[in-house]
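Chemist: Below, each chain spelled out in residue letters.
Protein chains: 4
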Amino acid sequence: MSAGDGIGVGLIGTGYMGKCHALAWNAVAPTFGDVARPRLVHLGEANAGLAATKAAELGFARGSGDWRRVVEDPEVEIVSITTPNAFHAEMAIAALEAGKHVWCEKPMATSLADAEAMLAAAGKAGKVTALGYNYIQNPAMWHMKALIAEGAIGTVNHVRFEMDEDFMADGTAPFGWKSQSASGYGALDDFGVHPLSLLQVLVGPVTEVIADLAKPYETRPVAGGKAVETHDIANVLFRAGTVSGSLLLNRSAWGRKGRIAVQVFGSEGTLAFDQERMNELQLFEARGAVANQGFRTILTGTSHPPYDKFIPAPGHGLGFNDLKVIEAHEILKRIAGAPAHIIDFETGLAIERAVHAMARSHAERSWVRVGS
Amino acid sequence: MSAGDGIGVGLIGTGYMGKCHALAWNAVAPTFGDVARPRLVHLGEANAGLAATKAAELGFARGSGDWRRVVEDPEVEIVSITTPNAFHAEMAIAALEAGKHVWCEKPMATSLADAEAMLAAAGKAGKVTALGYNYIQNPAMWHMKALIAEGAIGTVNHVRFEMDEDFMADGTAPFGWKSQSASGYGALDDFGVHPLSLLQVLVGPVTEVIADLAKPYETRPVAGGKAVETHDIANVLFRAGTVSGSLLLNRSAWGRKGRIAVQVFGSEGTLAFDQERMNELQLFEARGAVANQGFRTILTGTSHPPYDKFIPAPGHGLGFNDLKVIEAHEILKRIAGAPAHIIDFETGLAIERAVHAMARSHAERSWVRVGS
Amino acid sequence: MSAGDGIGVGLIGTGYMGKCHALAWNAVAPTFGDVARPRLVHLGEANAGLAATKAAELGFARGSGDWRRVVEDPEVEIVSITTPNAFHAEMAIAALEAGKHVWCEKPMATSLADAEAMLAAAGKAGKVTALGYNYIQNPAMWHMKALIAEGAIGTVNHVRFEMDEDFMADGTAPFGWKSQSASGYGALDDFGVHPLSLLQVLVGPVTEVIADLAKPYETRPVAGGKAVETHDIANVLFRAGTVSGSLLLNRSAWGRKGRIAVQVFGSEGTLAFDQERMNELQLFEARGAVANQGFRTILTGTSHPPYDKFIPAPGHGLGFNDLKVIEAHEILKRIAGAPAHIIDFETGLAIERAVHAMARSHAERSWVRVGS
Amino acid sequence: MSAGDGIGVGLIGTGYMGKCHALAWNAVAPTFGDVARPRLVHLGEANAGLAATKAAELGFARGSGDWRRVVEDPEVEIVSITTPNAFHAEMAIAALEAGKHVWCEKPMATSLADAEAMLAAAGKAGKVTALGYNYIQNPAMWHMKALIAEGAIGTVNHVRFEMDEDFMADGTAPFGWKSQSASGYGALDDFGVHPLSLLQVLVGPVTEVIADLAKPYETRPVAGGKAVETHDIANVLFRAGTVSGSLLLNRSAWGRKGRIAVQVFGSEGTLAFDQERMNELQLFEARGAVANQGFRTILTGTSHPPYDKFIPAPGHGLGFNDLKVIEAHEILKRIAGAPAHIIDFETGLAIERAVHAMARSHAERSWVRVGS
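Protein chains in written order, with my numbering: chain A, 1 to 372; chain B, 1 to 372; chain C, 1 to 372; chain D, 1 to 372.
Since the hints were made in silico from the structure, they are not lab data.
Hints may be right or wrong, so weigh each one.
Where chains are identical, the list cannot tell them apart; a pair therefore holds if satisfied intra-copy or between any two copies.
In silico DSS-like links for lysine-lysine, alpha-carbon gap of 25 Å or less [claimed, not checked]:
(1) K178 x K226
(2) K178 x K215
(3) K226 x K145
(4) K124 x K178
(5) K309 x K178
(6) K178 x K127
(7) K145 x K215
(8) K309 x K215
(9) K226 x K333
(10) K226 x K309
On a predicted model such as this, the values are computed, not experimentally measured, just so you know.
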C-alpha cells in the first residue's frame with residue numbers, strides 16, 4: 001500500500017494532465033504540511049500493463065485496465081478524471097454515483113446536455129466536484145481577486161481578455177483532428193473556457209455576447225487540400241452585468257506560447273496580468289502624487305498566499321505545475337468543509353453556457369443573451 | 001520676412017497642434033537637409049494681438065486676427081489647419097479654393113457631409129491634401145509596413161488594435177464637454193481614427209463592423225449629477241477584407257497614457273508595437289531553430305528611414321513631435337510630385353466612414369458594412 | 001516501507017531546503033518517467049518527534065532524532081544534507097565514509113579547510129557528490145550553455161553578473177545574526193556562490209579578482225545601535241581567463257526579490273537572463289538584416305530540455321522548485337554513470353576559493369589571483 | 001538677417017551635434033514660449049561654400065570658412081562649439097576671451113591641461129559656460145533628482161551605472177582611429193563621461209576608483225592584423241563619498257544601441273532608468289502593504305517638467321534631440337541669471353579628473369583617489 005493515511009485517490013488517465021494530477025497528489029502534503037498525505041490507491045489506464053507501469057512511476061498502489069474498477073474501489077474516495085473530454089461525463093457521473101468526490105479536467109464536457117447531466121449527478125450525490133481550471137489558482141490571481149474585492153481599483157467597469165498560442169499557426173502543417181468540427185468550435189471552446197474561468201473569479205458571469213469566429217486558413221494540406229471546419233480565431237465582445245468586455249482568442253498566433261493577457265479597468269485603478277509572466281502582476285492605483293504614479297510590477301511572494309507554502313522567499317517563481325498542487329489543496333479544503341477557491345460543476349456549467357452562446361452568436365450574426 | 005526660400009507657409013491655430021506644426025516647419029530643413037527652408041509667412045489666431053505674439057514666438061513673419069487673411073495671402077502656398085475640429089471643413093475648403101495645399105489636423109471633420117465636401121473641394125482644386133495622422137510616420141511603423149510588404153510575416157490574417165488613455169478615467173471630475181453628445185460619439189471618434197490610420201497603412205480599409213460602446217460612468221458630477229451622453233469605451237470587431245480584427249478603445253483606462261497597442265498576425269510571423277514605447281518594434285519570425293525563436297525587440301535606428309535624418313546612432317530615441325517633422329517632409333515630397341507616405345482627404349474620408357459605420361452598428365446592435 | 005524500488009534516500013534537515021529535496025525525491029520519477037521511484041527511507045531531524053511528523057508529511061518511511069542513524073542506515077544510498085551550513089562538512093564526510101552518495105546544499109562549507117576536507121573525503125569514497133546549485137538547472141541556463149558552446153554568440157569576451165534581494169534592506173530592522181561576522185562575509189558568500197556557479201557553467205573559473213565590499217548601514221538597531229560586521233553589498237571585477245567581468249551583489253537592494261541578472265557578451269552576439277523572469281532568455285545575434293536585429297525573448301519550452309518532462313507545451317512556465325527536481329534527476333544520471341550537469345565537490349571548492357580570494361582582495365585593497 | 005530678437009548665436013561645426021544645436025536654437029522659443037527667439041547669426045564651417053549652404057539650411061544669417069570670424073562677430077553673444085574634441089579648448093578659450101558665452105560639446109577636452117585652461121578662461125571671462133551633457137536634461141532624470149532630494153528612496157547608499165553600445169562590436173571590421181591610443185583610452189572617456197554626468201547630478205562627485213580596462217579584440221583587421229591600442233570595455237568600482245558604486249562601459253556590446261542603465265539604491269527605495277527607454281523611470285518605494293509593493297514604471301508626462309512644454313499629454317514620448325532643446329533653454333536661464341540645470345566647466349573638469357583617475361588606476365592596478 002502507498003504511504004500516507006490521507007484521502008484515498010483514484011486516477012483515470014496518465015497523459016500530461018494525469019501526470020500533473022499525480023504530481024499534485026504526491027506534493028500536496030509536503031508542500032502545505034496541513035493535510036494528511038494522500039493514499040495513491042488506484043490508477044486506471046487503457047490496459048492493465050500500462051496501468052501497472054504508470055502506477056509504479058506515479059506512486060499508485062495498483063493499476064487497472066478498466067476505469068470502472070478505479071471508480072468502484074472502496075479505498076478510493078476521490079477520482080481524478082484526466083481522460084479525453086468526450087469521456088468526462090460518463091466517468092464523472094459514475095464516480096459520483098459510486099459516492100466519490102470528483103476532480104475533473106476542463107472543459108467539463110463536449111455537449112451542454114452532458115454538462116447538465118454531470119451537474120445533476122453532483123446534486124444527487126452531494127459530493128465535492130471540481131474542474132481543473134488551474135489558472136485561477138495562481139497566487140497572482142488570488143491577489144488580483146483580493147485587490148478587486150477590497151476596492152483597490154474601485155468599481156470594475158471594463159475588462160479585456162486575450163488567450164493566444166501558436167500550435168495551429170503553421171498553415172503548411174497537415175490537416176488534423178483539431179480542424180474537424182467533431183473537435184468542437186475551435187479556439188472558442190479550446191481556449192475560451194480558461195479566460196472565462198478568470199472572468200468568473202474576478203468579475204462574475206457573462207450575460208450577453210456577440211462573437212465573430214475566423215479562419216486564418218480556409219484549407220489545410222491533405223491530398224488536394226481540405227476545408228478547415230473549425231475556427232482557430234475567436235473574437236467576442238460581451239457584457240458581464242454592468243461590465244463591458246472583450247475576449248480575443250487565437251490558437252494560430254505565431255510566437256505566443258501561453259499568453260493569457262488580462263486587463264481589468266476600474267474607477268480608481270487598473271490591474272493587468274499575462275500568464276507568460278505568471279509570477280508578475282501589474283497594478284496601477286490612481287492615488288498619491290501624479291508624478292509618481294505608474295503601473296507597479298508586483299512579483300508574487302510570501303505575502304501572496306499560498307506562495308509561501310512553496311518558497312519562503314519572494315520573487316523566486318512558481319511554475320505552471322505548482323498551480324495544480326494548490327488546486328488539490330483547495331479541493332481537500334472543500335472536502336473538509338472549509339471555504340475553498342474552486343470552480344465546481346455549477347460554475348463550470350455557467351462557463352459552458354457562455355461558450356455555447358458565443359458559438360450561437362457567431363452562427364446567427366447577432367447578440368445573444370447567455371442562458372436564454 | 002522670415003528666413004528661408006522654400007514653400008510659403010500659413011498656420012491657423014496655435015494650440016498644441018499649432019505649435020507642433022510650427023516646430024515641424026522650423027525643423028524640416030535642418031533635419032532633412034534636402035528641402036529648402038520653408039518661409040513662415042502668416043499666422044492666424046483669434047485676435048491680432050495674440051497673432052502677433054505667436055508669430056514672433058513661432059518664427060512667422062506676420063500674424064492676423066482673421067484666418068481668411070492667411071488663406072488669401074499670396075505668399076502662402078500651404079495652410080496648416082490646427083483649429084478645433086468643427087472649423088476644419090470651412091477652412092480647408094477656403095484654402096483649397098484659394099489654390100493652397102492643405103495640411104489639416106485629424107479628425108477630418110465633425111460630420112460625414114463636411115468630410116465629403118472637403119474631398120470634393122480637394123478634387124476641384126487639384127492641390128495636395130494631408131491629414132495629421134502622425135502616428136503613421138513613426139520609423140517603426142514604416143518598418144512594420146515594409147516588413148509586411150516584403151512578406152516577413154507571410155500573409156496577414158488577423159489584427160488587434162487597442163488605444164487607451166486615462167484623461168476621462170476620473171469619475172469624480174466634473175461633467176465636461178467631452179461627455180456631451182455634441183462632442184461626438186466619445187472614444188470612437190476621439191481615438192478610433194488613430195488606430196484606423198495605422199490599419200489603413202498596414203492592411204487596408206475596414207469592410208464590416210460590429211461595435212459595442214460603453215459608459216464606465218453613467219453620470220458625472222455637476223449639480224445633482226448629469227447623465228453622460230458619450231461613450232468613453234468602444235469595442236469593435238471588424239473585417240478588413242479577409243483579415244479579422246478588433247479595435248478596443250478606452251479613454252478612461254487608468255494608467256494608460258498614450259497606449260496604441262498593435263498586433264499583426266500572419267501566416268509566418270507576428271508583429272507588435274506599443275506607442276508608449278514608440279522606439280521599439282516586436283517581430284516574431286517562424287524561422288530557424290524553434291529553440292531560438294522568440295519575439296525580437298527591434299530598437300529603431302539608422303537602418304529605419306528616416307530615423308537617420310534625426311540621429312546618426314541607433315536606439316537613441318525619437319519623440320512624438322519628431323513624427324510631425326517627418327509628416328511635413330512627406331507633404332513636401334508629395335508637393336514636389338514624389339511618392340509620399342501621407343493620408344490624404346480621400347483616405348481620410350474612408351476612415352471617417354468606418355467610424356460612422358461603427359457608431360451605427362452600436363445603435364442598431366448589428367453588423368454594418370462600411371460604405372453601405 | 002515507502003513505495004518505489006529506486007534509490008534509497010536519506011534526508012537530514014526539513015527546513016525549506018529539506019522540504020525542497022523531499023518534493024524533488026517525490027517528483028523525480030513521475031516527472032521524468034525514466035528512473036525508478038526512489039525509496040524515501042530515513043529522515044533526520046533535531047528530535048525524534050519532529051522527525052516522525054516530518055517523515056509522514058514528506059513521505060519517508062521512518063525518522064530519527066540523530067542524523068548519524070540516517071547516514072548509517074543500510075537502506076540509505078544517498079544522503080540529502082540540508083542543515084545549516086556549519087554542519088555540512090561533518091555530515092557530508094560521515095556520509096561519504098559510510099559509503100553513501102551525497103547531495104549537499106550550498107555553500108559547501110563555512111571554511112576553506114572544511115571544503116577541502118569534504119573534497120578529500122569524496123575522493124577517498126569514490127562516491128557521487130553534488131552541491132545544490134539549482135540555478136544552473138534551469139532549462140534557460142542549459143540552453144544558454146548550449147548556445148555558447150555552439151558558437152551562437154561567437155567567442156565570449158565579457159560577462160556581467162548581478163544578484164540582488166532586499167531581505168537586508170530595512171535599516172530599521174533589528175541587528176541580527178546575518179550582521180555578525182560569524183555568519184560570513186555578507187553578500188559575498190551569501191549570494192556570490194550562485195552567480196559564480198553560473199559563471200562556472202557558462203564560461204569557466206575565475207582567475208583574478210579585485211573586490212570592494214560595502215555596508216549600506218554602519219549600524220543596525222539594538223540597544224544603542226550595534227556596529228554591523230558584515231557587508232551587505234559586494235562589488236567585484238574579475239578575469240576568468242581572457243574574459244573580463246563584474247560581479248555585483250546587494251542583499252539590501254529594495255525591490256529586488258530574486259534577481260540574478262546575467263549578461264554574456266561575445267564576438268557575434270549577446271545573451272541575457274534574469275532569474276526574476278526565469279522562463280525567459282534574451283538572445284541577440286549579429287546576423288541577418290541590421291534593420292531586423294534585436295534582442296529576442298525566448299520563452300523556454302519543449303525544445304529546451306528538460307522542460308518537456310514537466311509540461312508538453314512551451315511558454316507555460318517552470319518554477320524554482322522544479323529546478324530541484326532536475327537536479328535530483330541529474331544526480332541519478334551521474335550515479336548511473338551517465339554524463340550529468342552538476343557541480344560536484346571539486347568544482348564547488350573552486351567556487352569557494354574564488355569567494356575567499358574576493359574577501360582577501362577587499363581586505364588587502366588589491367588584486368588577488370584565485371588559487372594563489 | 002534671421003528672424004528673432006533674442007540672443008545672438010554663433011555655431012561652429014555642422015556634424016550631427018552642430019545640426020542638433022541648430023535644431024535646438026530653432027526650437028527653443030516655440031517650445032518654451034518664455035524666451036525671445038534667438039537670432040541665428042553666424043555659422044562656421046571648414047570652408048566658405050559649405051558654411052553658406054549650411055547657414056541656409058540651418059537658418060543662420062551668414063556663414064564663414066574661418067571659425068574665428070564667428071567668435072569675433074559682434075552680433076554673436078553665445079558660441080555653440082560642436083567640432084571634434086581636439087578643437088574644443090582653443091575655440092572655447094577664444095570665445096570666452098572675446099566675451100561670449102560658450103556651449104561646448106562634451107567631452108570638455110582631450111587633455112586635463114586643456115580642460116584646466118578652459119576653466120581658467122571661463123573664470124577670467126565671467127561668462128556662462130555649459131557642456132553638452134544632454135542626458136541630464138531628460139525630464140525622467142530631473143524627476144529622479146527631485147525624488148532623491150525629497151527623500152523618496154531615503155539615503156542613497158549604492159549606485160550602478162552601465163553604458164553600452166555596439167559600434168565597436170564587430171571584430172572583423174577594419175582597424176580604425178578609435179582603436180588608436182591617440183583617440184583616448186577607449187570606452188572610458190568615450191562613454192564614461194555620460195554616466196558620470198548623471199552620477200554628478202544624482203549623487204555627487206567620485207572620490208576613489210579602481211578600474212579594469214579590457215580589450216575584447218587584441219587585434220583588428222588591417223594588412224596582417226593590427227594591435228588594438230584602446231580598451232573597448234571599461235569596468236570601474238568607485239566610491240562617491242559614502243556611496244559605493246560601479247561603472248561598466250562596453251562599446252562592443254552587441255545589441256545595445258544606446259543603453260545607459262542606472263540603478264540607485266537607498267535606505268527606503270530604489271530608482272532605475274535605461275536610456276533605451278528614455279521616457280520611463282522605475283521607482284520602488286518600501287511603503288504600504290508589502291503585498292502591493294513593486295517597481296513602478298512611471299511614464300514621463302506633464303507632471304515632469306519641462307515635458308509639458310513639448311507635449312500637453314503624458315506618455316507620448318520625448319526624443320533624444322528634445323533634450324538638446326531643454327539644454328538650450330537651461331543655458332538661456334543661466335544667462336538670464338536664474339538657477340539652471342547645467343554642467344559648467346567647473347563640474348565638467350571634475351568629471352574629466354575622475355576619468356583620468358580611472359585610467360591611472362588601470363595602469364597602476366590599484367585604487368586611486370580622484371583629485372590626488
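Chemist: Against this structure, judge whether each hint is valid.
Modeler: Hints, verified against the model:
{"no.": "1", "hint": "K178 x K226", "result": "within (13 Å within a copy, 52 Å between copies)"}
{"no.": "2", "hint": "K178 x K215", "result": "within (13 Å within a copy, 39 Å between copies)"}
{"no.": "3", "hint": "K226 x K145", "result": "neither (45 Å within a copy, 32 Å between copies)"}
{"no.": "4", "hint": "K124 x K178", "result": "neither (35 Å within a copy, 56 Å between copies)"}
{"no.": "5", "hint": "K309 x K178", "result": "between (38 Å within a copy, 24 Å between copies)"}
{"no.": "6", "hint": "K178 x K127", "result": "neither (34 Å within a copy, 51 Å between copies)"}
{"no.": "7", "hint": "K145 x K215", "result": "between (34 Å within a copy, 23 Å between copies)"}
{"no.": "8", "hint": "K309 x K215", "result": "neither (44 Å within a copy, 32 Å between copies)"}
{"no.": "9", "hint": "K226 x K333", "result": "neither (49 Å within a copy, 46 Å between copies)"}
{"no.": "10", "hint": "K226 x K309", "result": "neither (50 Å within a copy, 34 Å between copies)"}
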